[in-house]
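Engineer: Residue numbers (my numbering), protein chains in the order written: chain A, 11 to 355; chain B, 374 to 628.
The hints are simulated quantities; they were obtained by calculation from the structure and are not laboratory data.
Treat each hint with caution, since some may be false.
Unchecked claim - Facing chain A, from chain B, some residues (calculated, C-beta under 7 Å): (1) M458; (2) G461; (3) K465; (4) A469.
Unchecked claim - Negatives, chain A to chain B, calculated, CB over 12 Å: (5) G25; (6) D26; (7) V27; (8) S68; (9) A93; (10) A139; (11) T244; (12) G277; (13) S280; (14) A305.
The C-beta atom is built at its ideal place from N, Cα and C for all residues, glycine as well.
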Amino acid sequence: MAILEATDLVKIYPGDVKAVDGISFTVEEGEVFGFLGPNGAGKTTTIRIGVTLLALTSGTFVIDGIDVRQRPEEVRRRIGYAAQSVGVDDDLTGRENLILQGRLHGMSSRDAGAKADGLLQVIDLEDAANRRAGTFSGGMRKRLDLAQALVHHPRLLFLDEPTTGLDPQNRRALWSYLRELNQSGVTIFLTTQYLEEADVLCGRLAIIDHGQIKVEGSPTELKAALGGDMVTVTLPREAATESPAVGEPGTDGPLERTRAVLADVDGCSSVTVHENSVSVILRDGGAQLADLVRALDAAAVPVARLELAEPTLDDVFLKHTGERLRVDEVRPPSRVVGRRRGERA
Amino acid sequence: MRSLREIHVIWGRNMRKLTRVPMLLFFSLFQPLLFLVLFSQVFSSMAKLPGFGYDNYLQFLVPTIVGLTALNSAFQSGMGMVTDMDAGLLDKFLIAPIRRSSILLGKIAADATRMAIQSSLIIVVSFIMGARFKTGILGILAMILIAVLFGIAWAGISNVVALRTRNAELTMLIGILITFPILFLSTGFMPSALLPSWLDTVAKFNPITYLVAALRALVNEGWVWTAIWQCLAVTAGLAAVTLTAATRAFRKVIS
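The whole structure should be built from the sequences, with the hints applied where relevant.
Structural biologist: Shown next as structure tokens:
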């Protein structure tokens with residue numbers, strides 16, 4: 011059963027900026043569904059509409075059968091939300107932050123306290139429970155923020171870039187926690203710009219770019235749909251930028267020649283030209299590699315590197331958007347606060 | 374009942390912050406305390422002027438300082454709003470299943486409590502400095518109540534600035550820039566009789582004049598109901614404008 015159904019969702023910000031441009035998708039109860047896309051693709055806008063923080067321009071957004079526009083308060087009881095930047099009160103302790111969330115959701119002080127203690131144990135912050143959140147490290151704050159979203163037992167959890175700003179170790183720890191959470195029955199809708207995160211966590215995902223869903227499916231399906239292995243031919247940087255020789259009309263530069271050669275090879279598809287490389291999907295992968303090399307050789311293309319790899323989600327992204335989703339995998343946290351001391355992954 | 378519970382939760386959170394960061398309590402007290410000590414000394418001989426009408430300048434000044442405390446505290450309210458927005462805490466309140474009005478009323482209740490504590494501290498210091506209060510404890514409570522109500526109306530301005538600029542420094546700066554001239558364009562530091570006539574006219578249109586008049590009456594004369602009712606009417610009018618504008622700015626931010 012679908013716990014979330016968005017239909018023809020459009021969000022236009024003042025100044026005619028179309029952040030979300032006709033998105034439709036569903037999230038099934040019990041799954042982990044993800045939006046994979048770059049900054050500015052419309053991921054956060056979609057989430058903020060879903061958690062009733064932002065009004066949609068047109069379309070519908072229904073959670074557990076309830077329209078977010080008609081009965082937002084009913085929706086708020088069913089969902090948990092952890093924003094991209096952590097929302098904890100630095101002046102309160104970790105425990106007090108959790109109790110506050112419980113109280114805001116109508117729990118008694120006693121119930122909220124008991125729930126807070128349980129969650130602090132789960133997220134491994136028991137030792138720091140009575141310290142001010144301002145002294146927490148980035149990883150601890152992120153975990154506390156996630157726990158805040160769980161105090162009231164939401165059925166659907168919205169996570170906007172849950173591991174952005176975390177180091178690889180903390181990221182992996184959070185992934186395994188999110189998997190456990192999902193196994194305990196919480197449906198998760200997350201956004202990410204990390205390919206590995208989408209691959210590891212999401213049962214199903216949608217690739218989103220410029221406010222539109224380009225393709226949707228499980229990571230395995232999406233990769234298989236590319237129909238073969240990915241071959242990337244990289245030219246020496248000087249050769250790639252060389253322009254066609256003057257006075258010889260009809261002669262192409264090396265990059266264009268490479269593209270033409272590859273497009274001619276039998277079983278090649280989705281030829282894409284980048285700055286100084288050309289990539290193709292080769293139906294039979296390794297078996298056809300020899301043909302490809304011979305063709306390149308015959309065309310006298312200078313090759314710096316030749317790669318053959320199983321397709322990744324980045325290749326899927328490339329095929330459907332024409333660009334690579336390149337993200338520096340470790341970025342500084344949006345708010346650097348506190349010390350590392352006492353932190354455990 | 375449900376709303377009261379929600380307001381209480383929001384209020385409690387702000388109060389806890391106040392105990393955790395005492396700076397928040399004393400932040401807007403520095404300037405009034407400085408004025409209280411310095412002005413009461415520097416201008417002490419003013420009481421000898423014909424037409425001044427008060428025994429000493431301290432008796433005349435204390436009500437102004439109580440009012441100033443409320444004004445300063447009011448601008449702290451907007452800064453708190455910006456901090457909560459920046460830290461993503463406002464979003465946390467907004468996605469909780471509580472009424473939006475409870476978020477604002479809880480904040481107002483917390484602001485009011487803070488203003489009451491701050492005004493009381495100023496009154497205690499004035500008492501130690503030798504000020505005497507004609508209307509006694511009841512009058513002091515009335516003073517605090519009047520100052521708090523005016524402060525809440527003033528806090529509306531600071532929240533409009535905060536919600537529009539979303540910048541704490543700017544909110545504070547604009548607060549100082551507004552409060553200072555308006556304070557000196559009132560009868561806060563000089564009785565009406567001794568003001569230049571143009572300034573006296575300006576002061577008549579200045580809401581702070583009415584606040585100071587009511588507080589001054591309670592300290593020096595007694596229960597002068599005309600002054601008190603005038604002040605409450607001005608406060609209500611001011612609040613109607615500022616709190617409407619603040620609510621509108623709030624709605625705009627959260628939509």
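Engineer: Confirm or reject each hint.
Structural biologist: These are the hints, each one checked on the structure:
1. M458: 10 Å, violated
2. G461: With Cβ-Cβ at 3 Å, under 7 Å, it holds.
3. K465: This hint holds: K465/B lies near chain A, its Cβ roughly 5 Å from the closest one there, short of 7 Å.
4. A469: 4 Å, holds
5. G25: Given that every Cβ of chain B is farther than 12 Å from that of G25/A, nearest at about 15 Å, it holds.
6. D26: Holds, because the least Cβ-Cβ distance between D26/A and chain B comes to about 18 Å, which exceeds 12 Å.
7. V27: Non-interface label stands for V27/A: nearest chain B Cβ at 16 Å, farther than 12 Å.
8. S68: The assertion about S68/A holds, with a minimum of 15 Å to chain B.
9. A93: Not fine: 5 Å to the nearest Cβ puts A93/A too close to chain B.
10. A139: Nearest chain B Cβ is 15 Å from A139/A, so the label holds.
11. T244: The assertion about T244/A holds, with a minimum of 43 Å to chain B.
12. G277: 51 Å, holds
13. S280: 41 Å, holds
14. A305: Holds: least Cβ distance 55 Å, greater than 12 Å.
Violated hints, listed in ascending order, are 1 and 9; each of the other numbered hints is respected by the structure.
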